[in-house]
Amino acid sequence: MKKSLSIMLGLILLASLLVACGGETQEQPTEESETEEGNEARMVEDDQGEVEVPSNPERVVSQYYVGHLLTLGVEPIGTLPTELDNPYIQNQIDGIENIGDPVDVETVIELDPDLIIASDQQSYEQLEKIAPTVLIEYGAHHVIEEMELLGEVLGEQQQATDWIEQFEEKGQQAKQQLDGIVAEDETVSIIEIWANQIYVYGNKWGRGGYNLYNVLELTPPDMVQENLIDDQPYLEVSLESLPDVAGDHIFLSVYGDDGGAERAQEIRNSDVWQSLDAVKNNNVYEINIDDFFYFDPIALEEQLDVQVDLLLGK
Amino acid sequence: MKLSTYIKQKPLLFIGLLSISIVVLFFVSLQTGTAALSPLTAIQTLFGNGTEKDSLILFEFRLPRIVIAILVGAGLAVSGAILQAITKNEIAEPGIIGINAGAGLAVVLFIFFVKDIPFGFSSTYLLPVTALVGALTAAIAIYLFAWKDGISPVRLVLVGIAVNSGINALLIIFQLRMDPKDFDQAITWLSGSIWGADWTYVLAVLPWVILLIPLAILKASSLDILHNGDDIASGLGIHVERERGIFLLIAVGLAGASVSVAGNIAFLGLVSPHLVRRIIGPKHQMLIPASALMGALLLIVADMIGKNLMAPSEIPVGIVISALGAPYFIYLLIKTD
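Protein sequence lines, in the order shown, are assigned to chains V and X.
Just so you know, we're using the working numbering here: the first sequence kicks off at 15 and counts up by one.
Just so you know, we're using the working numbering here: the second sequence kicks off at 827 and counts up by one.
Bear in mind the hints are in silico, worked out from the structure with no lab data behind them.
C-beta: ideal position from N, C-alpha, C; glycine also.
Incorrect hints may appear among the rest.
Taking CB as the label site, the calculated pair distances span [unchecked claim]:
1. Thr-1026/X <-> Lys-189/V: 45 to 53 Å
2. Ile-999/X <-> Arg-282/V: 53 to 61 Å
3. Ala-1152/X <-> Asp-115/V: 22 to 30 Å
4. Ile-917/X <-> Asp-244/V: 45 to 53 Å
5. Glu-240/V <-> Leu-935/X: 19 to 27 Å
6. Gly-327/V <-> Ala-1152/X: 47 to 55 Å
7. Leu-253/V <-> Ser-1060/X: 39 to 47 Å
Calculated from the model, a selection of chain V residues having no Cβ within reach of chain X, i.e. all distances over 10 Å [claimed, not checked]:
8. Val-65
9. Ile-113
10. Asp-176
11. Gln-191
12. Trp-208
13. Glu-250
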């Protein structure tokens, strides 16, 4: 009795496996023919080394980097749902499909891309089975690097260079406008309040950090310089440690959901907060988290304008 | 006579029904998904006559997921059944007594200390092994703490729950000290999901399930006797401590292997034996294979729901199981009043 049960179970499993193994050789040709068809292939560099991509990709699926792609003149055909919420590109995203988060590989297959831009390792492993895929890890590069990489990958190097030059120009102008507003020895920090946490950002994770520290070249507090500049994307800090982290100027954002707004109010009324230099000198600038969430080229330019205005006291 | 009484007398019938259901759901699952694949196309593709695109969808993405769902579902269910027997506690399962947490902690530690190994290599080979080692370590810790001239089932459960809390506390500490990106990676890996399952994952868990479940079935009569109490068991000539230890190892092996590829799917090990016991009674010779099948069934269904309810986004299968399992649990509590 028991033996036949085990045998039955084993057979069912074995059967499904055999069928699967029998069919596996089938999907080998897929990769080759997609790159041979029409488009010549080129070798480009991504986070993992050299990858072969089509020369003129026309159907691009990109997990992130929609702002970057649009700036380079490429409209992707599929992206993650958060990208579709980017407030600065709402008028340009008609026709871009939602590929789900985590990525739904079947949706991507149905879109029939000729190039996929993956932003994390796990997704990469899934996506590379579908079409030529490059890996550009989200949060591992600055926007300038990202534009250069993407320009290479998409064959839009000139567009990338043009934008980089123009953005650096804009940065220079902004610096001139702000001359004297923030003293040489003053520091600037970015703080974000949630219901149960307080975060500090550097130049790697949105909230306008790249603009402040790399473009405007403002000085971060020591703790930020050590941990969050070109290093970790963000760190959680305690209320008590705020004096060490706050700096002379604070860009403050609040994640209002789930009690964040109430917590922010609590903190604003607290002794620790009131005793901060930045608060006493009225150098706290409130930024909207939804607007400052993204750090693609389009968002950065818009955010730079906002930041300059805030610093100028307008 | 009542249907339930009838089925109780013919447990093989029930097992047969479960098997058929799994086969049916197997084929149903093969042709559900955001990419359209009609039943006929699915079967054609299965036997090697599909288009390249359909073959890609079927063999690279859908099939490994279903196979993993079957293996992990069976593994966790049998692990739960064994633990419920040796602790004589109907709410025991690898998640509650800290075995899953142990596997999770090992994964987090690994990611924390070993940063530069390319993810592809580690996720395929090292993380599953790490998870298993973690599960085993947790089990050994529980066993040692619970030892006092032998292991009483009650102590085993209580110590397990305590160890579970301890490990979860450690996990929180690591969350605070880790680079947030690393911890995100650990958490997605741990949170009970079979997104991204491929054949290497299948290979990681297959040997454990294929070896340990039949072993458990062969030893099922010992489990029945252990369940009756230590004194009776000793009286009947069973080396109680040794048998209990062996069964614990089997449960840990199954749970560890399952967690290593699918993360922490709680409740499955608890609910599957429960449902089955009510229908075919407590004899483990039938209970174990039936639990395995029920676990596989539940996980296939949960995965189908998770993948398709909010397409293109996906609800992790662990959450679906909890959403289904919790109400059932409450129903049980109400009924046993």
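Each hint, compared with the structure:
Between Thr-1026/X and Lys-189/V the Cβ separation comes to about 51 Å, which falls inside the hinted range of 45 to 53 Å. For Ile-999/X paired with Arg-282/V, a C-beta distance near 30 Å fails the hint of 53 to 61 Å. The given range of 22 to 30 Å is respected by Ala-1152/X and Asp-115/V, whose C-beta atoms sit roughly 25 Å from each other. Between Ile-917/X and Asp-244/V the Cβ separation comes to about 50 Å, which falls inside the hinted range of 45 to 53 Å.
Separation of Glu-240/V from Leu-935/X is about 25 Å and conforms to the stated range, judged on CB atoms against 19 to 27 Å. Taking 47 to 55 Å as the suggested C-beta distance range, the pair Gly-327/V and Ala-1152/X conforms, at roughly 54 Å. For Leu-253/V and Ser-1060/X, the Cβ-Cβ distance of about 59 Å falls outside the hinted range of 39 to 47 Å, so the restraint is violated. Residue-level check passed: Val-65/V sits 14 Å from the nearest beta carbon of chain X, beyond 10 Å.
The claim that Ile-113/V lies off the interface is violated: its Cβ sits roughly 6 Å from the closest Cβ of chain X, which falls inside the 10 Å cut-off. Distance check for Asp-176/V against chain X: the nearest CB is about 31 Å away, which clears 10 Å, and the non-interface claim stands. For Gln-191/V, the condition that its CB be more than 10 Å from all CB atoms of chain X holds, with the nearest at approximately 34 Å. With a closest Cβ-Cβ approach of about 13 Å to chain X, Trp-208/V is found to remain outside the 10 Å limit, as its non-interface label requires.
Its beta-carbon lying about 7 Å from the closest one in chain X, Glu-250/V breaks the requirement of being farther than 10 Å from that chain.
Hint compliance for this structure: hints 2, 7, 9, 13 are not met, and every other hint is.
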